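Number of protein chains: 2
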Amino acid sequence: MFDTDLLKEAIKRNKVRSESYGELEYLRFTDDFKEVPRGTVLFKDTVVWGYPHIGRVFQLSTGIREQFSEPFWVEEKVDGYNVRVFQHEGDIYALTRGGYVCAFSTDRVLEFVNQAFFEKHPELVLCMEVAGPENPYVEESPPYVKEDIKFFLFDIMVKNKQGFVPYREKLRLIQEYNLPSVETFGRFEPEQLEDLKTLLRRLDEEKREGVVLKEDSARDKRLKYITSYANLNDIRITSINMLGLPPDYYTNRLLRLALFVEEEGLQKDERLYRDIGEAFLSGLFEACRMTREEGKVRRVFRCRFRNRDRALLFLEQIKHASTHIQVNQLSLQREKDFWLLEFEKVFLNMTGLLGHLLSGGSMID
Amino acid sequence: MFDTDLLKEAIKRNKVRSESYGELEYLRFTDDFKEVPRGTVLFKDTVVWGYPHIGRVFQLSTGIREQFSEPFWVEEKVDGYNVRVFQHEGDIYALTRGGYVCAFSTDRVLEFVNQAFFEKHPELVLCMEVAGPENPYVEESPPYVKEDIKFFLFDIMVKNKQGFVPYREKLRLIQEYNLPSVETFGRFEPEQLEDLKTLLRRLDEEKREGVVLKEDSARDKRLKYITSYANLNDIRITSINMLGLPPDYYTNRLLRLALFVEEEGLQKDERLYRDIGEAFLSGLFEACRMTREEGKVRRVFRCRFRNRDRALLFLEQIKHASTHIQVNQLSLQREKDFWLLEFEKVFLNMTGLLGHLLSGGSMID
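For the record, the sequence lines run as chains Z and U. Under our numbering, think of the first position of the first sequence as 1, with each following residue one higher. Under our numbering, think of the first position of the second sequence as 1, with each following residue one higher.
Next comes chain Z alone, as it looks inside the complex:
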C-alpha cells in the first residue's frame, strides 16, 4: 500500500508527523519527499495522496504551444483553499492541502456533497476548493459567492493511488450525484488560442482568478494561468501583512503582470501602474493606522459552524498551526442555524516592526 522503506526514510528525515483529530490518528507528510507530495496522509490501512503541484505558464501563446500536444479541458480556478474530501470508517473528513483534517471544512462539507456519493464510492477522494467571504484561511473570495462559503469540485482521486479519475468519468460523477463543481469551459484545441485569450479577458473583467488546463491525454498534464486581476488582488489583499509572506511572493506576481501586459500588447498604461502602486501602499497605510490606533496589525475572520465543539477544535488547530501569527477568539455565538465564530489573526512581524519604526526606532539593513 505504501512503500515501508520510503516511509521509514521519510520519518528519519523528519518529513512525517503524527497528527490526531478527535479519536482519529494519522501520519502527515509535512514536506515533499521524493515522489510523495506534502500533505499526503496515511491512516492505518489507507493512503490519501497529497494534491500534486501544477505548473504555471506566464504567457498563453507560447505556453500552450510548448506544453500541450493534444486538446485540453479548461476549468475555472476558484480562489479559495484546496481540500480533499473522503469517507473513513463511516465518517466524512476534509484534509487541507498540508494534510490536516480541517475541523471547519469537515463541519460543513455535507451541506455541499451528497453523502450517498461516498456510500456508493467509498474509495474516492473529492478534490474541492472551498471559497467565499466567510472562510477562515484566505482573504480573497470569488465575486459570485456573496456570503458564507461554497465547495467546488475540480478533481477526483482514488484512495491509495496517485493521479486522477479520467476527465469524462469525473463529469459523469458530477452529473450523477449533482456535485457542486467549478465552472467548466469545455475542450479546446491548441489552435484555439484566441478563444482561450477571449475567455481569460472575460474572467479578468469578472474578477475571477484564472483557469486550470487539463490535457485530454493519457498523461493528463495540467497547467494553470492566472488573470491580471487576481495577481493585482493578491498584492492588494496581502500588503497589510507584507513582511509575513515568502520573499518571492511579490516579485513573482509582478513578473506575471509584466508578462501578461507584454503578451497582450496592452498599452503599458497608467491605470495598471496606478493600481499596482495603490495595491502595495494601501495595505501598508492600513497597517500603520492599525498600529497607531489599535497597537496591532490584524485581520478579522468570521466563519459559520454547525457544531460548536468543532468551532472550538478549529480554533485550537489554527492556533497550533500558525507561525508569526497570533490567533485570538473574538466571539462564538448562535446565529440562526449556525455557530458564528469570529477570530482575529494578529500579524506579529508587521506589528513588531511598525510599532518599532513608528515610535522612532531605527533599523540596520
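Fair warning: there could be bad hints in the mix.
A pair counts as met if it fits within one copy or between any two copies, since identical chains are not told apart.
Heads up, simulated DSBU-like pairs for lysine-lysine below, C-alpha to C-alpha not over 30 angstroms straight-line [what the hints assert, rightly or not]:
1. K319 to K146
2. K296 to K224
3. K296 to K8
4. K296 to K197
5. K146 to K197
6. K197 to K12
7. K34 to K12
8. K120 to K146
9. K207 to K197
10. K15 to K296
11. K34 to K296
12. K120 to K197
Hints were generated in silico from the structure; no laboratory data involved. Computed from a predicted model, the values in this text were never measured in an experiment.
Starting from the known structure of chain Z, arrange chain U on it as the hints suggest.
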C-alpha cells in the same frame, strides 16, 4: 594590534579570506564577526577597520526625538559606493565596503585627493563615496555629477582603531587639504525638526539620496534617512534585475515610502501610486525586450582608467567577485587622457527565467 584569538576564531569560522592585489597581500573579513565589521582588512602591521553599519529611521519626527538627545550634524548621503582610502608602504589604495582593494577607485583617487594629505597623515583613512554615471558598480548617480565620477569625503578613520576622527577635526582637515566632501548642512538642534523636513523636501525635489545625521556627542551616534525619490529610484533602476536582489529589497523600500507618506500626511496620491507601478514594470518590460531581442538581460557599464593594466585587473576582480552575474568586456580603448573600459553585466537569473517563460516554459511555485 588585532586580537590574535579573535582572528584565529574568525579564520576557523570561515569569516576571513586571504586576498591579493598585485604584490600586496592581506586578510579580509567576508562577514561581520563579533565586533569586527565585514570589510575589515589586515595587513602585516596595520588594520583598516570596516565601515560600520548605520541605523536607518523611517520617520523623522519620532526618530529624532527617540534616537538623539544632543544636537547633530547633517550631511548629504551621496548615492554611490563607499571606499576607504589610505596610504600603505608609500602607495595609495581604495578599499570597497566589502574589503577588496578596488583597482578602479585606486586608479582614480589621486585626481581627487591631494597626496600631501597622506604624507602628513599616514595614519588616517578617508571614508569616501565614489559617485557618478561612469562608475562600475552602482547604476544610480547624483544629479550634479554629469559625467565620469567624483569622490566625496564623509568620514575620517584612524588606522588600527575603530570609530571616527571628531567632526570638527574632520572639517578642519577638509579645509586644510581642500578635500572634496559631501555637502554639509550644519548643526541642528533636535527641536529643529521642521527645518530638517524642509531640507529633505528640497533634497527630494533635487533628486538626491538623503542625509546622514551625526550626533554632536562623545558617542558620535549616526542615523540615516532616505528621500522618497531615492526609494522610488532604487525600485526603478533595479527592477530589470528583480530576481537578482535580496528578497527584502523591495518590501523594505515600499515600507519606507509608505512611512514617508504617512508622516508627511501627503494626500495618498495617484502620482506616487503610478510612479511605483511604473518603477516596477518598466524594468521588467525592458528585461523582456532584451530577452527577445538579444537573448540576455544585461546592463552596460563604462568607466575611465588612467592605467590600462588596472582596467584589466579591475575586470578580473569584478568577474571573480560576481555571483549570478556574467561580466563580459566589450571594449577598452584610449580616449584622450583615459582608457575607456566598457563591459556588460549579464543578469543570469533574469536571463534564465525570462528565456524559459517567454518561450512557453512553466514554473511550479
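For K207 and K197, with the copy left unspecified, which applies at a CA distance of at most 30 angstroms: within, between, both, or neither? Answer is within; shortest intra-copy Cα gap is 15 angstroms, inter-copy 42 angstroms.
Homo-oligomer pair classification [K12, K197; C-alpha up to 30 angstroms]: Classified as neither: same-chain Cα gap 48 angstroms, cross-chain 59 angstroms, threshold 30 angstroms.
How do K296 and K8 come out at 30 angstroms by Cα distance, when the copy is not named: within, between, both, or neither? neither (44 angstroms within a copy, 46 angstroms between copies)
Given a CA cutoff of 30 angstroms, do K34 and K296 count as a within-copy pair, a between-copy pair, both, or neither? neither (41 angstroms within a copy, 34 angstroms between copies)
Alpha-carbon proximity between K296 and K197, which holds within one copy, between copies, both or neither at 30 angstroms: between (43 angstroms within a copy, 28 angstroms between copies)
Is the C-alpha distance from K296 to K224 at most 30 angstroms within one copy, between copies, in both cases, or in neither? Between copies only: 26 angstroms across chains, 36 angstroms inside a chain, cut-off 30 angstroms.
With identical chains, the pair K319 and K146 could be close in the same copy or across copies; at 30 angstroms between alpha carbons, which is it: within, between, both, or neither? within (27 angstroms within a copy, 57 angstroms between copies)
Is the C-alpha distance from K34 to K12 at most 30 angstroms within one copy, between copies, in both cases, or in neither? Intra 14 angstroms, inter 36 angstroms, cutoff 30 angstroms: intra-copy only.
What label fits K146 with K197 when the C-alpha limit is 30 angstroms: within, between, both, or neither? within (27 angstroms within a copy, 47 angstroms between copies)
With identical chains treated as interchangeable, where does the CA-CA distance between K120 and K146 reach 30 angstroms or less: within a copy, between copies, both, or neither? neither (32 angstroms within a copy, 79 angstroms between copies)
Identical-chain pair category, K120 with K197, by Cα at 30 angstroms: Intra 40 angstroms, inter 73 angstroms, cutoff 30 angstroms: neither.
Homomeric proximity label, K15 with K296: Cα distance no greater than 30 angstroms: neither (34 angstroms within a copy, 39 angstroms between copies)
Checked against the numbered hints given earlier, this structure breaks hints 3, 6, 8, 10, 11, 12; the rest are met.
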